[in-house]
Each structure stands twice: as C-alpha cells, then as structure tokens.
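Protein chains: 2
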Amino acid sequence: MNTPLFNRVAFIGIGLIGSSLARAMTKHGLAGHIAISTRRAETLAKAEELALGQSYHLDAAEAVKDANLVMICTPMGAYEAVAKSIHDTLMPGAIVSDVGSVKASAIKDIKPHLPGGVHLVAGHPIAGTEHSGPEAGFAELFPGHWCILTPTEDTDTSATARVQDLWEAVGANVEIMTPDHHDRVLGITSHLPHLIAYTIVDTADQLEDDTKKEVIKFSASGFRDFTRIAASDPVMWRDIFLNNRDAVLEILGRFTEDLTAMKRAIRKGDADMLEKTFARTREIRRSIIDAKQHIPDVKPGEDNS
Amino acid sequence: MNTPLFNRVAFIGIGLIGSSLARAMTKHGLAGHIAISTRRAETLAKAEELALGQSYHLDAAEAVKDANLVMICTPMGAYEAVAKSIHDTLMPGAIVSDVGSVKASAIKDIKPHLPGGVHLVAGHPIAGTEHSGPEAGFAELFPGHWCILTPTEDTDTSATARVQDLWEAVGANVEIMTPDHHDRVLGITSHLPHLIAYTIVDTADQLEDDTKKEVIKFSASGFRDFTRIAASDPVMWRDIFLNNRDAVLEILGRFTEDLTAMKRAIRKGDADMLEKTFARTREIRRSIIDAKQHIPDVKPGEDNS
Chain V
0 MNTPLFNRVA FIGIGLIGSS LARAMTKHGL AGHIAISTRR AETLAKAEEL
50 ALGQSYHLDA AEAVKDANLV MICTPMGAYE AVAKSIHDTL MPGAIVSDVG
100 SVKASAIKDI KPHLPGGVHL VAGHPIAGTE HSGPEAGFAE LFPGHWCILT
150 PTEDTDTSAT ARVQDLWEAV GANVEIMTPD HHDRVLGITS HLPHLIAYTI
200 VDTADQLEDD TKKEVIKFSA SGFRDFTRIA ASDPVMWRDI FLNNRDAVLE
250 ILGRFTEDLT AMKRAIRKGD ADMLEKTFAR TREIRRSIID AKQHIPDVKP
300 GEDNS
Chain R
0 MNTPLFNRVA FIGIGLIGSS LARAMTKHGL AGHIAISTRR AETLAKAEEL
50 ALGQSYHLDA AEAVKDANLV MICTPMGAYE AVAKSIHDTL MPGAIVSDVG
100 SVKASAIKDI KPHLPGGVHL VAGHPIAGTE HSGPEAGFAE LFPGHWCILT
150 PTEDTDTSAT ARVQDLWEAV GANVEIMTPD HHDRVLGITS HLPHLIAYTI
200 VDTADQLEDD TKKEVIKFSA SGFRDFTRIA ASDPVMWRDI FLNNRDAVLE
250 ILGRFTEDLT AMKRAIRKGD ADMLEKTFAR TREIRRSIID AKQHIPDVKP
300 GEDNS
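If you're matching them up, the sequences are chains V and R in order. For the first sequence, counting from 1, position 229 maps to 228 in numbering that gives the first Met the number 0; every step adds exactly one. For the second sequence, counting from 1, position 140 maps to 139 in numbering that gives the first Met the number 0; every step adds exactly one.
Chain V on its own, in the form it takes in the complex:
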C-alpha cells in the first residue's frame, strides 16, 4: 500500500464538500487517519454512522492535534471562530486549508489567528450539488472539476504543492490564482447567477396561490433550472454574499444596467437590439463548448458553490 499523503487529516465541518473529500481520501488511501469535528452532536453522529473517519470530536481543538492537514469545511461565517479555537493545538508545520467559495475573506478571517509555522493554503473546489449535509457527499464529486487554490505571497510553496497533490489525487484540475481575482471571476460565474436564481424563485413565491400552482406545474421551461440553483444551502450562500459583497455588488450593478437596457428595448419594441443581443450571447455558449467544459448540462456535482 502507498504511503498516505497525510498521516492525520482533521475535517472541521463535514457537509457536502467535506464529506465528499473525506470519502475520496479514504477511497484513494490519502490519509492515515481522518479526524472529524462538528459543532453539532447530531451531525457528528451522522458522520460516524456513515463511517467517514476514524475519530469524532465535538471539540475542534482536539481534532486538529497532530494533524498534518486541517481542512475547514464549515460555512464561511464560522471561519474566524474556528481559526481561534484551533490556534493552541495546531502542530507546527501543519497545513490549514478550506473549501469556501470566497477567498479574500477566508484568508482575512483565518490567517491572523494561526500560530507561526502553520501554513494557510486557501482553496475552492468548484463542485457541488443543491443537496447539503454529510449524507449528500460522494467520493466521485471532484473528477473533471476545477479546484482553485489562492496562496498568498508568503505562503510556503511546498505547502501549496501538497494541497495541489491532494486535489489532483481526488481527480480535480488545480488552478492557482490570487484571492481577489478568484472572487471576481466566481462573482460572475457563480455568485451573481445564484443571487438571480434566488430572486426570481422568490418573486414567483410571492405570486397569488393559483398562479403559483401553475408556475410549479409548467416550470419545465427555464424556471426549473433556476429553482435547482435556488435550492442550494441557505447558510452557505448567505455567507458567500456577505463575504464577497464588493465583487457581487459591482457585477450586479453592471447586470442591472444591462437589464434596464433590455427592459427599455422591450418597451420600445426595439426588435433589432433584442435580436442582436440574443445572437451575441449564443457565441459564449459556443466558447464554453469549445473550451470542452462538461456538456451534459447538469450532473451531480457540477453546478453549485
């Protein structure tokens, strides 16, 4: 048997992404021991029932003792508290990483609370489903997906390389970029689409009952795609919008301008503007197909986060 990449890995939080990574690490023999910590006893019991690790802890400080890798998989709103809680028991030389969808704020919340000699390599696997919780995870979530790592200038390069090895070992393609750039790109490809999907589904939810029933009945025409996106984990997405506020508001401003222009074109009956815009947007779809993105449009693990 191969030597595992990490002797001991601690997971703080074990939802969809954390439990998928734990499963994938077990499947590929990447961890000698997986210690799992959750805030809630109920979630911990579920993780144990699913046999996701070798030890289970309600105290994160205990889970991270002797861990070579600490993977923070909680909602981002808990990052600062988690970092503070593990400060005293982190092993010198340990690597701390995460899977959150906003990187500048992740670094800001975690880094000041890590002791010297501990390496932070923030990361974001672009994978997920609209389901959440430890039971929703699966070992094959990552193959064919990107995982973006956002080391900062002072991040130890060998620590970054080890986290990259981990993600590649579970099947992901790794890309490295700055935290701010990550947040801007994901603000467009993920956060704004989610915000819009949440909003339109909420708009429909406020319709009078009869119409709402029919919207549900005849949803197979665009709207249903939005409902799937808008079924994503509420706490995770709350934290994404709170933590990537500036990038989201900036791209939302552009979108709102463009929407106003479309509205005006419809009101004025500007056929030419509408047709030209709709023809132009087709090209982006072709670029994505040419870029050999996975084309079967929705598979588990492709669209959220």
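In short, the hints are calculated from the structure, not lab data. Just to be clear, a hint being listed does not mean it is correct.
Chain copies aren't distinguished; within one or between two, either way the pair holds.
Mimicking BS3-like on lysine-lysine, the simulated pairs with C-alpha atoms at most 30 angstroms apart in a straight line are [unchecked claim]:
1. Lys-262 / Lys-275
2. Lys-107 / Lys-216
3. Lys-26 / Lys-216
4. Lys-262 / Lys-211
5. Lys-212 / Lys-262
Being a predicted model, the structure only gives us computed values, none of them experimental.
Since chain V is already given, all that's left is putting chain R on it; use the hints.
The following block gives chain R in isolation, referenced to the frame of chain V:
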C-alpha cells in the same frame, strides 16, 4: 393500418418544433400527407433532404390547399403575413393551429385573416432545446411535456378536441387555458428566465478579455446553465418579448423590486434576510419535485420555448 387523424397537414415553417411534430406525426401515422412550406429555399431543401414530408412548397398558399390541418411553426413575427397569405386557399372546415410561445398575440395576428368556417386552435407545446432548425428536431420531443391549447370562446369545440387528440397522440399532456392566462404563466416560468439568462450572459460578454476567458473556463457553477438558456433561437425570442411585452414587463417589474431588496440586504450585511429568503426558495424546488416534474434536470427537449 389506422386511419390517419388528418388526411393532409400543412406545415408553414419547419424549425425545431415543426420538424419534431412532422417526424412524430409520421412515426405515429397521424397524417395522410404532410405538405411543407418555408420562406427560404435553403430550409425547404433541408426539409426535403430529411424527408420530413411528402410535398414541398415555397408558396404557403399552395401548401395549405386541401389541408385539414395547417400548423403554423414560423417565428411569431411572421404570423400576420402567413395568415394573410393562406386566406384564399384555406379549405372550409380546415383547422389552423400554431406552436408559438405567446398566445394572445398569436390569435390577434392570425384570426382576423382567416375566412369564415376555418377554425383557429392556438397552441403551445412547452418543449424545445437550445438548438434550432429542421435538422434539430426529433420525434420524441413531446412525450412527458405539456402542450397548452388556448381556444377562445367562439372556437369550435370539436376542432379543439382534434388538436388535443393530435398532441396526445405524439405523447404530450394537454392543458386548456385562456390566452391571457397562458401568457402570464409563461411570462414567469419561461420568458423572464430567458430574459435574465440572455442579460447575464451579455453582461459577461462585455467584460475585458482576460476575465471573459476565465468566466468561460470556470463556468461550471451556475453561469453555464444560463448560457444554455441564452443560446436559444434569437429570432424566436425577439418575437416572444415583442409579443408578450405587457406580461413580461409586469413580472420584470416585480423581479427588479425583489432584486433591489436583495442588493440592499447584501450592502447592509443583513444576514437574516438573506438566509430566510434562501430557505424559502428551497420550498418551491420541493413543490416541483412533489409535482412530479421530470427531475433529471436537463434532457433534450425539456427547457426551451
């Protein structure tokens, strides 16, 4: 062999929906003769190459001669001209129907130009893909999908029943409602989602080149769903927005209000409002699953129009 439902059927326009219906009618032996008419010689040649019918006509007036059923499958912007062009050769007792996505305007554009004794049964199969043209059609587009018929008070009930028989024979579930109600429901479930998808993809298209490349590369996180919707036929969608202007502007107004509230919540860091909204929208997804909509999220033929 069974007697076909219609001795002679004329298709005016033979894009994705028209060619799918022609194929399905042939497969199920529903038409004695299929006459196909298109405005452009190139499309007609393609239809003939695909053997979608038994006769091919550049003159719609000629195609509809002796037809028991005339199915208008052109973009909606052409409806009035089509109706005028076939006025003189429509057979008394013939049924005229269509497949357009807006029903009040379809009736307004077609009905005044039909001779007495010809029955208009406007319809809308809620099926499609982002592909267009006669080669994109397939006989199995309709099973499991809704087709909404919008007869008016003076529509002959036996004509409506015959069109209903046709759609049921090709596998669709038929629902009958008023044109205005159809336009309002589809404005929410289909037209607004398409408008938003077109807009967000256009917003991304206007980004500086480097960011745009990365948006394409990392599109597997919400945005890609939007690009598929925004790859739909530009002329068809231009006509939908021009023809369903009032319903689209009305629901767009509500959406814009809701989006402004979300924006404010993000700006103010209102965690509670965001989480509550995101939790609420999950319920609509559950209702759709409970309503036994097709759940495999995207299959050919499920999402457009």
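How would you label the pair Lys-262, Lys-211 (within, between, both, or neither) given a Cα cut-off of 30 angstroms?
-> For Lys-262 and Lys-211, both the intra-copy (24 angstroms) and inter-copy (24 angstroms) Cα distances are at most 30 angstroms.
Status of Lys-216 relative to Lys-107 across identical chains (alpha carbons, at most 30 angstroms) = between (45 angstroms within a copy, 26 angstroms between copies)
Is it within a copy, between copies, both, or neither that the alpha carbon of Lys-26 lies no farther than 30 angstroms from that of Lys-216?
-> between (41 angstroms within a copy, 28 angstroms between copies)
Go through the copies and call it for Lys-212 and Lys-262: within, between, both or neither, with a Cα cutoff of 30 angstroms.
-> Both ways: Lys-212 and Lys-262 sit 27 angstroms apart in one copy and 28 angstroms across, limit 30 angstroms.
Given identical chains, is Lys-262 near Lys-275, meaning Cα to Cα at most 30 angstroms, within a copy, between copies, both, or neither?
-> both (15 angstroms within a copy, 29 angstroms between copies)
Consistency with the previously given hints is maintained throughout, with no hint failing.
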